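> Chain residues, written in single-letter form:
Number of protein chains: 4
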Amino acid sequence: MIISVIGDGSCNNDIYMIAEEAGKLIAEKGGILITGGLGGVMEAASKGAKEAGGTTVGILPGFSREDANRYVDIPVTTGLSHARNIIIARSADALIAISGGYGTLSEIAIAMKLGKPVIGIKTWGNIEGIINVNSPDEAIKKVLELLMSS
Amino acid sequence: MIISVIGDGSCNNDIYMIAEEAGKLIAEKGGILITGGLGGVMEAASKGAKEAGGTTVGILPGFSREDANRYVDIPVTTGLSHARNIIIARSADALIAISGGYGTLSEIAIAMKLGKPVIGIKTWGNIEGIINVNSPDEAIKKVLELLMSS
Amino acid sequence: MIISVIGDGSCNNDIYMIAEEAGKLIAEKGGILITGGLGGVMEAASKGAKEAGGTTVGILPGFSREDANRYVDIPVTTGLSHARNIIIARSADALIAISGGYGTLSEIAIAMKLGKPVIGIKTWGNIEGIINVNSPDEAIKKVLELLMSS
Amino acid sequence: MIISVIGDGSCNNDIYMIAEEAGKLIAEKGGILITGGLGGVMEAASKGAKEAGGTTVGILPGFSREDANRYVDIPVTTGLSHARNIIIARSADALIAISGGYGTLSEIAIAMKLGKPVIGIKTWGNIEGIINVNSPDEAIKKVLELLMSS
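Protein chains in written order, with this note's numbering: chain A, 1 to 150; chain B, 1 to 150; chain C, 1 to 150; chain D, 1 to 150.
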């Protein structure tokens, strides 16, 4: 099971804690975490997963491994800039979007196009098809429920 | 000036006529039209531009030039699947989104991320930053106005 | 017919004149020229094609149209860095490699992998499958002969 | 340290054993192995690394994780077809090319372009810049020597 957590490269403390908890729960359920590998939501989720003993993959936009946050085990330097968002959406079984701007929206849209579940927490609430929940715990439950039934 | 018209690969007659008119107006203003090169909105816009003497570029998802609609002058076969959407957003000065689903939404989001104007006609109305208008004529006026002032 | 001329972004005068002649001949035969859009061999071929009344496409590595040489009609800003080489190989019916380093070699290899004809002038001579010729004139004759028979 | 082993998707037994040994040695030196994730040389290297307790990443050309050989821990489904070769070259500190055809050659060329060490075993021997060796053992020694000094 590969789960992606997507969101902004910088975020406030509340969002950081939500993303960290999401990463932790993904690792506890035995999932591999895949993110864009940078700061903010991506770092928080990676931190949570890593500290819970999970494996974290960072699909980076640039050419340098130094861009990755320190919790990324497997840095993949794509050099494709934002086009790397598509690889994240393609590689995950399900995506959890936490907050986020237009970059996150592009990943949500690609995931939807591919028919993958997208669970949202405080994110683009008005996009048809996103399953909005209020906590990381609910998000993981929803992910597991959807992946089991598919 | 390179303008993109984005939207679904199949569409109803109303949408087709709107996209065809948009393509025609882009060509009349001297713009190069760039689309995803397939059917529906992409075909309609290409038809309009081509019949008005314009140049049409099709950034195709697959490997075969045969996938292009017949109004594409310059078929670029990327073989990148939906990742080609990003090239369209990156190459255009402005985008006109006409109707459209999740694929179109991903292009809108990438364009927004890059700070490019996105004019919408009967498209994702609830995305902050899209400039919604009611006709191709208004759309082109808006595009010209924005590109002049930038 | 879409023909690519590939080679280094900077080159000496001899190579420039060869590439310019190749571009001219492609345009005279009614072909669309596709290059990487930058300087050197890419510029020379674009100049030749443009001055002979042809259409020139530049598949650029970066995000800015300003990177294109002045003879490019259709600049496509991919933002994919060297990965744009693959789009050139995929979009052309045949490739003419003139001189060139490792970037050119990667395009040659991808074109070979796709089963496309690669004609070489003073390029990587020791790669099995490249058809080596001595002049742009021979190169175009070879391209036409191969495309007619396929 | 991330090391890539590149080569054909199908291979004879001799090449398979060489690639397996290379994978094993990479894992024993604490390296992460990155490959294209498919059969042949990619599978052999992944098997060697996995059985030696290493971590294996597969950068797949398609959309389905089922395409990965069974020794891939981290499957990344890029959906970019051969363009995924570029991600492999960009993500590795050094590449070991074992046998291989035009696809392998494209990876070698991109790696050279990026200034990364490429060690070859029974591969494209006539490309300037490849460091040709005769065994996996020599290859790893060369990789370590080059990465230490850089």
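Treat each hint with caution, since some may be false.
Since copy identity is lost for identical chains, a pair holds within one copy or between any two.
[As the list claims (entries may be wrong)] Subject to a maximum C-alpha distance of 35 Å in a straight line, what follows is the list of computed DSBU-like cross-link-like pairs (lysine-lysine):
(1) Lys-29 <-> Lys-122
(2) Lys-29 <-> Lys-50
(3) Lys-29 <-> Lys-113
(4) Lys-113 <-> Lys-142
(5) Lys-142 <-> Lys-50
(6) Lys-29 <-> Lys-141
Derived by calculation from the structure, the hints in this document are not laboratory data.
Quick caveat, the model's predicted, so the values are computed rather than measured.
> If a hint holds in the structure, say so; if it does not, say that too.
Consistency of the hints with the structure:
1. Lys-29 <-> Lys-122: The answer is within: 23 Å in one copy meets 35 Å, while 42 Å across copies does not.
2. Lys-29 <-> Lys-50: Both. Shortest intra-copy (13 Å) and inter-copy (22 Å) distances satisfy the 35 Å Cα cut-off.
3. Lys-29 <-> Lys-113: both (26 Å within a copy, 33 Å between copies)
4. Lys-113 <-> Lys-142: So Lys-113 and Lys-142 pass the 35 Å test inside a copy (19 Å) and across (29 Å) alike.
5. Lys-142 <-> Lys-50: For Lys-142 and Lys-50, both the intra-copy (22 Å) and inter-copy (32 Å) Cα distances are at most 35 Å.
6. Lys-29 <-> Lys-141: within (10 Å within a copy, 39 Å between copies)
Hint check: no violations occur; every hint is consistent with the structure.
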